[in-house]
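Visitor: Sequence:
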Amino acid sequence: MKNTILIVDDESAIRDMVRMALENADFQVFDAASAHQAEALIAEQQPDIILLDWMMPGVSGLDFARKLKNDKQLSQIGIIMLTARTEEDDRVRGLDIGADDFISKPFSTRELISRVNALLRRIVEPLTSEAITSGRLQLDTVTHQVTADKQLLNLSPTEFKLLHFFMSHAERVFSRVQLLDNVWGENIYVEERTVDVHIRRLRKVLQRYNCEKYIKTVRSVGYRFSANEH
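Heads up: the sequence shown begins at 1 in this note's numbering, then just goes up one per residue.
No lab work stands behind these hints: they were computed from the structure.
Errors might be hidden in some of the hints.
As the list claims (entries may be wrong) - The calculated lysine-lysine pairs, modelled on BS3-like cross-linking and capped at a C-alpha distance of 30 Å, are:
(1) K72 <-> K150
(2) K105 <-> K2
(3) K67 <-> K213
(4) K2 <-> K72
(5) K67 <-> K105
(6) K216 <-> K72
(7) K67 <-> K204
(8) K213 <-> K150
(9) K213 <-> K105
(10) K72 <-> K204
(11) K105 <-> K150
(12) K67 <-> K2
(13) K213 <-> K72
(14) K216 <-> K204
(15) K204 <-> K150
My request is simple: use the sequences and hints to build the entire structure.
Guide: Below is the structure:
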């Protein structure tokens, strides 16, 4: 079964270029020129990944991504932002609202497909095949759901895989580079600060269930996951 990609960009030339490249790479592809058009396609086609332009008339890509990530039924869809913005603060804003990755315009279709495949691996490939329990958290690799005391957590695909990696390697310390290699993939260029942003978001979700202290900062080294309260 082909993975489904939705392109949301108000520029028809970009939609056509990306669509052709993705279809040649054997993806099922749909496209929309606005967030309004995209909503109907999302309901009908249930895409695995949305390629979302940051700056669109009407509802911006950033606002639309925020809306998707706040919807429990849609939050598992992967989002790659397409943007001409190069400022680090802009990228951090996007990651803060739940985007899984960024690609800067102009971009090569080869790089785009590489990033799409990397995000798909984070979405569909579990690190282990069994359910994991750590402290108050329970993670199910089959349903891709995490619960805290039976309450469902709202996580993006990248946040899910990051937490999965931590829970599968509890008590071990990992540098940012090691986390990038194991969660994002060795062949994908992502800035180290991306790790900090996703961990901050993950802690924010865990905080609602008093589990944020499970992810511990190891000064000058990286991070460690421990459900041990002591």
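Visitor: Determine for every hint whether it applies to the structure shown.
Guide: Status of the hints after comparison with the structure:
For the suggested pair K72 and K150, the alpha carbons sit about 15 Å apart, so the restraint of at most 30 Å is met. A distance of roughly 26 Å separates the Cα atoms of K105 and K2; the hinted pair therefore holds under the 30 Å criterion. The suggested pairing of K67 with K213 holds, with an alpha-carbon distance near 27 Å, which does not exceed 30 Å. Between K2 and K72, the direct Cα distance comes to roughly 24 Å. Compliance with the 30 Å bound is thereby established for this hinted pair.
Annotation: proposed proximity of K67 to K105 holds, straight-line Cα distance about 23 Å (limit 30 Å). A hinted pair counts as satisfied when its Cα atoms are at most 30 Å apart, and K216 with K72 qualifies at roughly 27 Å. Simply put, K67 and K204 have alpha-carbon atoms about 17 Å apart, close enough for the 30 Å limit, and the pair holds. For the hint pairing K213 with K150, the CA-to-CA distance comes to about 19 Å; that is within 30 Å, so the pair holds.
The straight-line distance between the Cα atoms of K213 and K105 is roughly 38 Å, outside the 30 Å bound, and the hint therefore fails. Between K72 and K204, the direct Cα distance comes to roughly 16 Å. Compliance with the 30 Å bound is thereby established for this hinted pair. Annotation: proposed proximity of K105 to K150 is violated, straight-line Cα distance about 42 Å (limit 30 Å). Taking the CA atoms of K67 and K2, the gap is near 26 Å; set against the 30 Å cutoff, the hint holds.
Between K213 and K72 the CA atoms are separated by roughly 24 Å; this keeps the pair inside 30 Å, and the hint holds. With a CA separation close to 13 Å, the supplied pair K216 and K204 stays within the 30 Å bound. At most 30 Å may separate the alpha-carbon atoms for a hinted pair to count; K204 and K150 meet this at roughly 18 Å.
Against the hints set out earlier in the document, violations occur for numbers 9 and 11.
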